[in-house]
Each structure stands twice: as structure tokens, then as C-alpha cells.
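Generate the whole structure from the sequences, applying the supplied hints.
Protein chains: 2
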Amino acid sequence: MNKINTISFIGAGNVAWHLAKELKKNNFIIETIFSRTIISAKLLANEVDAEATTNIQNIHPSDLTIISIPDDAIIEIAKTIKLKQGIAVHTSGTQEMDSLKSVSDEFGVFYPLQTFSKNRNVEFDNLPICIEGNNSAVTEALEYVAGRITKNLHRVNSEKRMVLHVAAVFACNFTNFMYSVSSDILKKEQLDFEILKPLIAETAQKVMKLNPTEAQTGPALRNDIKTIVKHREYLSNFPEFEKIYNFVTEKIQSKKHPKT
Amino acid sequence: MNKINTISFIGAGNVAWHLAKELKKNNFIIETIFSRTIISAKLLANEVDAEATTNIQNIHPSDLTIISIPDDAIIEIAKTIKLKQGIAVHTSGTQEMDSLKSVSDEFGVFYPLQTFSKNRNVEFDNLPICIEGNNSAVTEALEYVAGRITKNLHRVNSEKRMVLHVAAVFACNFTNFMYSVSSDILKKEQLDFEILKPLIAETAQKVMKLNPTEAQTGPALRNDIKTIVKHREYLSNFPEFEKIYNFVTEKIQSKKHPKT
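Those protein sequence lines, which keep their order, are chains A and B. Quick note: the first sequence uses the numbering used here, first residue 288, plus one each step. Quick note: the second sequence uses the numbering used here, first residue 288, plus one each step.
It is worth saying that the hints were derived from the structure and are not from the lab. Warning: the hint list may mix true and false statements.
Repeated chains share a single entry, so a pair holds when one copy, or any two copies, can fit it.
Here are the simulated DSSO-like pairs of lysine-lysine, each with C-alpha atoms no more than 27 Å apart in a straight line [stated by the list, open to error]:
1) Lys475 x Lys513
2) Lys517 x Lys366
3) Lys474 x Lys447
4) Lys484 x Lys312
5) Lys496 x Lys475
What follows is the structure in C-alpha cells.
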């Protein structure tokens, strides 16, 4: 098994930010942080005692190079670099592993299934990390790294990983968007978002135990037309929110009573 | 102030179920549970040492009668009963307080802002309860009752309460619907919903500290077209899910870059 001690990062965004810090905390040596802008490279490099660079040629030949940039950029970067040694991985949910074929002889994927923002700490202990390697030595090396920061690791091929990512978009990004609409509505009425927090917490906690179909409640599910009509009437002041309300209400109803 | 000791319920659904049990636990005497079906009346009555009835005339003249039924049914019930004594409240987010005007001289609203399912216990300690009374004695009496089961109580008029309910539909019902889509996608691919739970928990926990606009992440927000195209391609196998994906993705994008 390739023993990984040293790690470099291409990218200094939200995922790189948290991953680099967590790996450093678990005694990996972070050698280089590459970013297109020196400010963001330096910000993260300072956190993990690494060198910052904007020159792709200056990246250390680390045991592991983690490419943590948007999917479009992965393709571009893959065309321009060829590592002399070590494993190359990306952290994308959707990009195929093979997009790194030309970057190194040893390549794979290291996908943390979580939402990351720089100004919010994340617990890694139970954070799912999906691993894929182009051969079993690579897979094992990546499992060793992931296993140092989480107990929740999974071998997942590129096809299944993309499905997980799609599901995660619904469960996280779309969910958070619904929070943001509720917050916008309250703000317009000078009501405090604070009052919704126990509800938001319980809605999430509920599906830790019940499946989401069992957990569903609300006027759309119980076909409480009187309430729905009043909500629409109110929301007619905010056409964007009204469209979302109508759309999702209709989806909840048609899920309960699918058209045959 | 009217001192409330005895309580009866009209309705034995999810809200009545949890509220009656919590009030009983806090030493209120639950006298009657009325429901249209004797089975559901008895199920709850047995839990709280109350009498079960399907005859509206048999409801005890309690200090407080809590009407916890769908909005349409509130209007119907209000036409048929006139309490000889005590306060009448409903638990609806959207129904005006005045819909109980004919039911008793003392009336109000007791709206717990939470999602309830019978097979899931709920913590009341910090659960927001919105109170409205037709006079200050009623408001104070209701605050006394609410204050025995939560420290998170609010005086909210009917107009503001409806806004809270609309916001709650987005933050809870629509959010849970997004969970259910993610769960359905994973099921179709024989993947375990378990793997999404840390993400769901963190997405909710995140907005306890950050506002939801700050907390937003994902391909729609960063306009990661390559990823979005791949997700759509995959979802074309599931037209219903694809429609939801396209709709919410477009909303997230247009929120970030509003058309002028």
C-alpha cells in the first residue's frame, strides 16, 4: 500500500478549506495550496502551514494531490498537469474518476458528502467520504487517509457517486433554498427567523428515525384547501414565492395521489 | 385571570395527540376527547385518562376546550357548538381567531409551531407556541397554560400567525418533501438513505448559526453548468424529479441573479 504522509491541494474553496484543515489536524503534512488568486491560496496555506502558489509548476510532488475545484475547472486542469509522482484525486460528486486519467498513473476520487461554508465548522467524525481508486492500491491508500478523519467511509463508483450527489442536491441545496424563502418571507414582515428554528431542527431530526414519506405533514398532504387558498392569497403579494408554493404543493399532492 | 385546570379536546389528530399528552404530563386534567371516530377518540383518551366521545354534546364543560382539527372542520364545528363555560381555542396556523366568536364568549388561539407525527415524540421545552386571546384575561390564561409546557411563547395576532404558518410550510413541509425525493432517488438505485443523514443534519444545524442565504451551496448557486447538465441527463429517467430539479435550480439561480 502506498503510505500517504504529504498532501497538496489544487483549489482553496469551501471543500479544500475544511479538508486541508482536518487532514492537518490529523497529522498529515500539507505541502502546497494552489489557487488562481494568491490571496485565497495564502489564506488557507497559513491555516495549515503550507506554501501558497498561483503557479501550477510550483506544486510539491506530494504523496496525494487533492484537486478541489469546480467540475469545469477539473477538465481544464487535467489537460495542463502531469504529476511526477503520487496519487491525484478530485472531490467532485459528479465528475467521473477517469477525468484524471492523464494527470497521474494513480488517480481516484475523494468525495466528502457534506455542505461546507468557510465560516462554519464541520464535524468530520461521522462525515461520509466516498472513495474510488483506479486500482486497489490506490483505493486502499485513499481509505487510509479517509479513515484517519472519519469512521463513515464508502467505496462508491463514479455512477453511484453521481446519484448520491443528485440526491444530496435535493436533501441539502434545495432544502436550504426552502429555508431561505421562509426567512425572506419573515424578513418582509419583520418577523424573527429564530421562531422557525425548533421546527427546522425537528424536521431534520424526524427523518433520522422516520422515512421522509412517513414524516410528511402540512396542508398540501392533508389536502387542506381552505388553508392553501389563504396562503396563496397572501403570497400573491410575492409572485416568486407564490410560484414556488404552488409548484411544490402540487408535487406533494400528486405524490400522494399519483395520476394513473 | 381565569385559572385553567381542566381541558377537553375536539379532535384527536397529530397536534391533539401530542398536546393532550404534554398537558397531562404537566398536571392538567384532560376531561374529554371528542373525535368523529370512536377508535381515534379512545386511543388518545386512554393515553390521558380522559373520556372518549363521538357526541359533541358529551364534551365536558372544561376550563379550556382545544379544537384541533383541519381548518375546514373548524368552521363547521363552530356553527354547531356553543360552550356554556370556559375558553375555546383552535390550534390552526392560518384560521382567524374570530372564527370561534360564536363558540364561546372567551376564545382564542393556541398554535404550536412544530411538525407532529403520532409515532414521533417531540420536545416541548423550547417549542414555540403562539397565543392570541379575544381579551387580555383570555390571553393571560392561555399564556399560563402555554408557559407550563414551553418557555418559548409568543403573543401573535391572526395576520402574523398566518405569515408564520406560510413560512413554516416552506421550512418544514417543503423541506421534508425534498428529503423524500432524495430518498426516492436512492431507493430506485438501491442506495441507503442513511448516507445522507449527516448532510441533512448539518444543513439544518447550519441555519441555526448562519442565515440561509449565506448557508446556500451547490451547483445551482455556483452556476456549475457541467454538473447541472449531468444531473439533468441522469434525472431524465425520472421526469417528475427532473421537473423539480429544473424548477428549484432555476429559482436558486434567479435568486442569486435577479432579473431587473
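| query | Checking Lys517 and Lys366: alpha-carbon separation at most 27 Å within a copy, between copies, both or neither? | reply | between (56 Å within a copy, 20 Å between copies)
| request: State whether the alpha carbon distance between Lys496 and Lys475 is at most 27 Å within one copy, between copies, both, or neither. | output: Between. Shortest inter-copy distance 20 Å satisfies the 27 Å Cα cut-off; intra-copy 34 Å does not.
| query | Is it within, between, both or neither when you check Lys475 against Lys513 at 27 Å Cα-Cα? | reply | within (24 Å within a copy, 35 Å between copies)
| said: As a check of your reading, is Lys474 near Lys447 (CA-CA no more than 27 Å) within one copy, between copies, both or neither? | reply: between (40 Å within a copy, 12 Å between copies)
| query | Is the C-alpha distance from Lys484 to Lys312 at most 27 Å within one copy, between copies, in both cases, or in neither? | reply | between (32 Å within a copy, 24 Å between copies)
Hint compliance for this structure: every hint is met.
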